[in-house]
Amino acid sequence: MEKEIRNNINQIINEFAGFDDWMDKYNLLIEMGKSVPVIEPQYKTKSNLISGCQSRVWLQAKYDGGKVYFAADSDAVITKGIVSLLIRVFNGMTPDEILNADLDFIDEIGLKDHLSPTRSNGLTSMIKQMKLYAMAFKVKEKAGEKE
Amino acid sequence: MEKEIRNNINQIINEFAGFDDWMDKYNLLIEMGKSVPVIEPQYKTKSNLISGCQSRVWLQAKYDGGKVYFAADSDAVITKGIVSLLIRVFNGMTPDEILNADLDFIDEIGLKDHLSPTRSNGLTSMIKQMKLYAMAFKVKEKAGEKE
Amino acid sequence: MPFDINKIRKHFPILEEKINNNSLIYFDNAATSQKPLQVIERIIDYYKKENCNIHRGVHTLSQKATRAFEETRVKVKEFINAESSHEVVFTKGTTESINLVANSLGEKLLQEGDEVLVSAMEHHSNLVPWQMVCKKKKAHMKVIPFNDKGEIILEVFKPLLNSRTKILALSHISNALGTINPVKEMIAMAHEKDIPVLIDGAQAAAHIEIDVQALDCDFYCFSGHKMYAPMGSGVLFGKQEFLEMMEPYQGGGEMVDTVTFEETTYNELPFKFEAGTPNVESILGMGAAIDFVREYDLHEIRKHEEELLKYGTEALSRIEGLKIYGTAKEKSGIISFLLDGIHPYDAGTILDQLGIEVRTGHHCAQPVMDRYLIPGTVRVSFAIYNTMKEIDKLVGGLDTVKKMLG
Amino acid sequence: MPFDINKIRKHFPILEEKINNNSLIYFDNAATSQKPLQVIERIIDYYKKENCNIHRGVHTLSQKATRAFEETRVKVKEFINAESSHEVVFTKGTTESINLVANSLGEKLLQEGDEVLVSAMEHHSNLVPWQMVCKKKKAHMKVIPFNDKGEIILEVFKPLLNSRTKILALSHISNALGTINPVKEMIAMAHEKDIPVLIDGAQAAAHIEIDVQALDCDFYCFSGHKMYAPMGSGVLFGKQEFLEMMEPYQGGGEMVDTVTFEETTYNELPFKFEAGTPNVESILGMGAAIDFVREYDLHEIRKHEEELLKYGTEALSRIEGLKIYGTAKEKSGIISFLLDGIHPYDAGTILDQLGIEVRTGHHCAQPVMDRYLIPGTVRVSFAIYNTMKEIDKLVGGLDTVKKMLG
Ligand SMILES: Cc1ncc(COP(=O)(O)O)c(C=O)c1O
Ligand SMILES: Cc1ncc(COP(=O)(O)O)c(C=O)c1O
Chain Y
1 MEKEIRNNIN QIINEFAGFD DWMDKYNLLI EMGKSVPVIE PQYKTKSNLI
51 SGCQSRVWLQ AKYDGGKVYF AADSDAVITK GIVSLLIRVF NGMTPDEILN
101 ADLDFIDEIG LKDHLSPTRS NGLTSMIKQM KLYAMAFKVK EKAGEKE
Chain P
1001 MEKEIRNNIN QIINEFAGFD DWMDKYNLLI EMGKSVPVIE PQYKTKSNLI
1051 SGCQSRVWLQ AKYDGGKVYF AADSDAVITK GIVSLLIRVF NGMTPDEILN
1101 ADLDFIDEIG LKDHLSPTRS NGLTSMIKQM KLYAMAFKVK EKAGEKE
Chain S
2001 MPFDINKIRK HFPILEEKIN NNSLIYFDNA ATSQKPLQVI ERIIDYYKKE
2051 NCNIHRGVHT LSQKATRAFE ETRVKVKEFI NAESSHEVVF TKGTTESINL
2101 VANSLGEKLL QEGDEVLVSA MEHHSNLVPW QMVCKKKKAH MKVIPFNDKG
2151 EIILEVFKPL LNSRTKILAL SHISNALGTI NPVKEMIAMA HEKDIPVLID
2201 GAQAAAHIEI DVQALDCDFY CFSGHKMYAP MGSGVLFGKQ EFLEMMEPYQ
2251 GGGEMVDTVT FEETTYNELP FKFEAGTPNV ESILGMGAAI DFVREYDLHE
2301 IRKHEEELLK YGTEALSRIE GLKIYGTAKE KSGIISFLLD GIHPYDAGTI
2351 LDQLGIEVRT GHHCAQPVMD RYLIPGTVRV SFAIYNTMKE IDKLVGGLDT
2401 VKKMLG
Chain U
3001 MPFDINKIRK HFPILEEKIN NNSLIYFDNA ATSQKPLQVI ERIIDYYKKE
3051 NCNIHRGVHT LSQKATRAFE ETRVKVKEFI NAESSHEVVF TKGTTESINL
3101 VANSLGEKLL QEGDEVLVSA MEHHSNLVPW QMVCKKKKAH MKVIPFNDKG
3151 EIILEVFKPL LNSRTKILAL SHISNALGTI NPVKEMIAMA HEKDIPVLID
3201 GAQAAAHIEI DVQALDCDFY CFSGHKMYAP MGSGVLFGKQ EFLEMMEPYQ
3251 GGGEMVDTVT FEETTYNELP FKFEAGTPNV ESILGMGAAI DFVREYDLHE
3301 IRKHEEELLK YGTEALSRIE GLKIYGTAKE KSGIISFLLD GIHPYDAGTI
3351 LDQLGIEVRT GHHCAQPVMD RYLIPGTVRV SFAIYNTMKE IDKLVGGLDT
3401 VKKMLG
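Chains as they are written, first to last, in this note's numbering: chain Y, 1 to 147; chain P, 1001 to 1147; chain S, 2001 to 2406; chain U, 3001 to 3406.
One or more hints might be untrue.
[What the hints assert, rightly or not] Simulated pairs of lysine-lysine, DSS-like, Cα-Cα distance not exceeding 25 Å:
id, chain 1, residue 1, chain 2, residue 2
1, S, 2402, Y, 34
2, U, 3018, S, 2138
3, S, 2108, U, 3138
4, U, 3393, S, 2389
5, S, 2049, U, 3018
6, U, 3389, U, 3310
7, U, 3142, P, 1025
8, U, 3077, S, 2137
9, U, 3064, Y, 25
10, S, 2137, U, 3136
11, U, 3075, Y, 128
12, U, 3137, S, 2137
13, U, 3048, S, 2010
14, U, 3142, U, 3108
15, Y, 131, U, 3389
16, U, 3048, S, 2393
17, S, 2138, P, 1128
18, U, 3393, S, 2049
19, P, 1046, P, 1131
20, U, 3049, S, 2108
21, S, 2135, U, 3138
22, U, 3077, Y, 128
23, Y, 44, Y, 138
24, U, 3007, S, 2048
25, S, 2137, U, 3108
[What the hints assert, rightly or not] A short, non-exhaustive set of chain Y residues, derived as facing chain S with CB atoms under 8 Å:
id, residue
26, 19
27, 22
28, 23
29, 48
30, 51
31, 54
32, 75
33, 76
34, 77
35, 78
36, 79
No wet-lab data here; the hints were simulated from the structure.
C-beta atoms are modelled at their ideal positions from N, C-alpha and C, and glycine is treated no differently.
Extracted from the complex, chain Y is given alone in its bound form (with noise of 0.2 Å):
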């Protein structure tokens, strides 16, 4: 994996470790879902919408010199908090970098259980949709080199 997404990870990996308490690390990961970049609300259209989730999603992209950047909303605060762990792993990352990405690191900062990839929260279907979205930046740029 890129060095820098490893980094992000592990820097994630770190805050949870600060806490032993399930009730402590929730609240962070609470916490954290405040500060993700907000998805205006023009933008929370039904195809933005993330499906598969018990509670709804939207996720958005734009690409800029090369890089992905995310923005999302939910109307949970949990899931929020984990699009926004998502989002601080793939922020600014190339579209290559994020397709290439493993996602193990969910089950290493102790909030397994809840973030294994079933249906209910929604974790696959988001990291799916974040692949998609590089996927689609970087076949956009390989037709513009064409031209």
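Using the hints, position chains P, S and U with the ligands against chain Y.
Below, chains P, S and U with the ligands alone, put in the same frame as chain Y:
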């Protein structure tokens, strides 16, 4: 239960009780099958065929002087033995006696597992068919009385 | 047997489990119930001593298993007071039972322009199969509304019954709201217009008494896994006259009588509707579950669950900002609620950390959520083994939820 | 693990049972297999520690069970070498899998006058569903004949494939004759004319290797209960392109995405085809069964069963008046036979007294019996735990049969 039927049943139970060995019991059953009042070939029709057995069993009944008489055949000798038991119990009884008969005696002759009412040996179907014949004769007679 | 909750709990080994270092409090019974040892042991015995394929086998294993299987059918017949055991069809669950009827009866009865009537509180399993057959047949689906308390509005229901109505499909108990519907009355009203009625009893079995003859319903469906039985067992009760006129739903295996390439004749009831190798394990397990329930008497169980409902409703109502959805007069042991400003997913996640397993979301009844304009609810649902003390812990847990998220 | 038959037998507790005072010899494996301890224990563990309803639950039990369930899907994908695990649909068995395809694909593809092609050796479960959909669609069923040895006649097969042929449905292995059909070749021939092919693999799973990509079949179906897994588990493999174009078979529960009264949108693959609460117990048990089979390597198992077939065929052939039905060059561990003048029911009944459990009758393949003009056969079918010694006892038993009935 009518006394005569009970007598018939007891007699059969006694005959089987004479043997401890399953092989002897089966040999007896097979022998009994050989003495079943045999249905004449022209009555081996589809409508006299009992469904639900693995082997084919034909059963026919006639009504004479208020009493029911059965004839049967089967292409399996054990099935033929089973139907012969039933005929021995019921032959010459009145429709009412047949209709009221309780057939738990099958349990008592020591061939229980084989003669239990599951679909493969068709025991249930045979008894049902015999009772149907009895019912038909009874209804017919009543209709006759009314005329 | 006297109703001793501590003894009852001992029959359920899973209740000893720890969840996130807390004792498991299982409040997700409407989704699926836990299994008593009697049921688990029946399965073990079956696979260790009796397992085989039934019906046509002549060998001892097969004869014994066939007998046990058919005895269970009689047990189910008694459990729901059906007239005859050949009106009891074994399926894999409520959803399959309803699909069978929607398909086979719908095929027979529905013409273009006809109507199928359902209530607005149906589980998707009693909605989507009818939508599918309506689409195929160009028939329409009509919906009986319910009021704010979650009660069907009988004055609106009555005029919905008309000459185009071909089927009424209705839940006995709503899984999202807990409402016990006045099915007996509604069946009688439908029958006045000769409309056959299917009752979805998924939430009723093992909670309230089921008497299909007293109800006079034409079909009744339920799942084993929600009544202490193994997964994969289900029942479709159908009145003989209807089952006889219906074509089989699935083909293959024991459901035929004779087969040639030109023509196939079907087996008699109920086998006509039981294609493929039946799930003997699961059906024998259902027999054990019925025995278990009968040991305590359904009235006792109902009384216990009513007490839990009453205690739980009062306790939850005292929590500030908590709103209960479903406050019908006749209710089963199900409480759906929301905490002001807190998403049900967040609440469920925190409760889970405390070992309290509740269900959150739309409970496969999206139209109910749409009716109240909410994304979903937190649902607690009771079973024979739940206690007041567990409800106290839930109240404490909701306090934590509010502190963390409020 | 090395293939040690004594060790293997120890995994199957039922083999210790007595039948009519004799040790059980279980030769009815084509009907259903026995279950190893690994599978039984998986079920016990599930109900004692993990039981709950999966997918939408946020609580720990549900998350864990969901994960285990979806991991089993991946295991099945690997077991049959599918390209993707969303091509693996869980059903309750082969019969349901075939009915699903007959219904959903038949609905899509069949027009009046079209043809569905099956072989003359199909199990009723791969015959009746097609008959039913043909009748509905006014399509015709065409039949591929087999020769006296029980081999499909490829020269007749080829011209049966024509522009009206919309589906070919074929068993991998015949349950009545043991023939291993040349499915790969036949699939290629059908594909030349763009005809999709469904393979009924009920008798293949856990006996020979299944590689759906190498076969290039469009659908592949099998049942858990015939491959050491619990009853109530089944698989439908379907190529994504076909599964995507097909409408759902059953409605309700998790197969939907959003539901309103006006419109319902369906969930993605494979969930679109999995209506109702899935049988988690049974699917996890299937996972344990696959682990069990993998421990010994399918080639080893196949070798063992081939040896039994060879030994058994030779031993039975030496019995005077015994005729084997099904003598194809490529055969699986199934021997169907008749003793001159002795009804299979009689033979089976006597063998049972000796503890030898065989199947008798038409084996749900009546057209096969019609082909040979026989009422049925006695069938012995082998599994991983059978031995040569058991075959010797069968030979002795047949001697008794002849003495008593001959
Ligand atoms: C009211 C109701 N109907 C139908 C169902 C479907 O039952 P199953 O998933 O067992 O088929 C359920 C359970 O989820 C239910 O609560
Ligand atoms: C070849 C074949 N196809 C289909 C089936 C049906 O399988 P199930 O009864 O498990 O649905 C069987 C088993 O009986 C079979 O042997």
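Can you confirm whether the C-alpha distance between residue 3007 of chain U and residue 2048 of chain S stays at or below 25 Å? Holds: residue 3007 of chain U and residue 2048 of chain S sit about 17 Å apart, inside 25 Å.
Keeping to a limit of 25 Å between CA atoms, is the pair of residue 3142 of chain U and residue 3108 of chain U held or broken? Satisfied, since the Cα-Cα distance of roughly 19 Å is no more than 25 Å.
When the nearest CB of chain S is found for residue 19 of chain Y, is that gap smaller than 8 Å? For residue 19 of chain Y, the interface hint is violated, since the closest Cβ of chain S sits about 13 Å away, which is over 8 Å.
Given pair status - residue 2389 of chain S, residue 3393 of chain U, alpha carbons within 25 Å: violated, 61 Å
CA of residue 3077 of chain U to CA of residue 128 of chain Y, is that 25 Å or under? Distance of about 21 Å is within 25 Å: holds.
Is the interface hint satisfied for residue 23 of chain Y? The criterion is a beta-carbon contact with chain S at less than 8 Å. Hint holds; residue 23 of chain Y Cβ to chain S Cβ min 7 Å, cut 8 Å.
How about residue 77 of chain Y: closest beta carbon in chain S under 8 Å, or not? holds, 5 Å
Is residue 3137 of chain U close enough to residue 2137 of chain S, meaning Cα to Cα at most 25 Å? Holds - the C-alpha atoms of residue 2137 of chain S and residue 3137 of chain U are around 15 Å apart, at most 25 Å.
Would the pair residue 3142 of chain U and residue 1025 of chain P pass a check requiring their Cα atoms to be no farther apart than 25 Å? Given pair residue 3142 of chain U, residue 1025 of chain P is violated - Cα atoms ~49 Å apart, limit 25 Å.
Against the 25 Å threshold, does the CA-CA distance of residue 2138 of chain S and residue 1128 of chain P hold or violate the hint? violated, 44 Å
Under the criterion that the straight-line Cα-Cα distance not exceed 25 Å, is the pair residue 3077 of chain U, residue 2137 of chain S satisfied? Judged against 25 Å, a Cα distance of about 37 Å means the pair is violated.
Can the restraint linking residue 3393 of chain U and residue 2049 of chain S be considered satisfied, given a maximum Cα separation of 25 Å? holds, 21 Å
Violated hints, in rising order: 2, 4, 7, 8, 15, 17, 20, 26, 29 and 30; the structure is consistent with all others.
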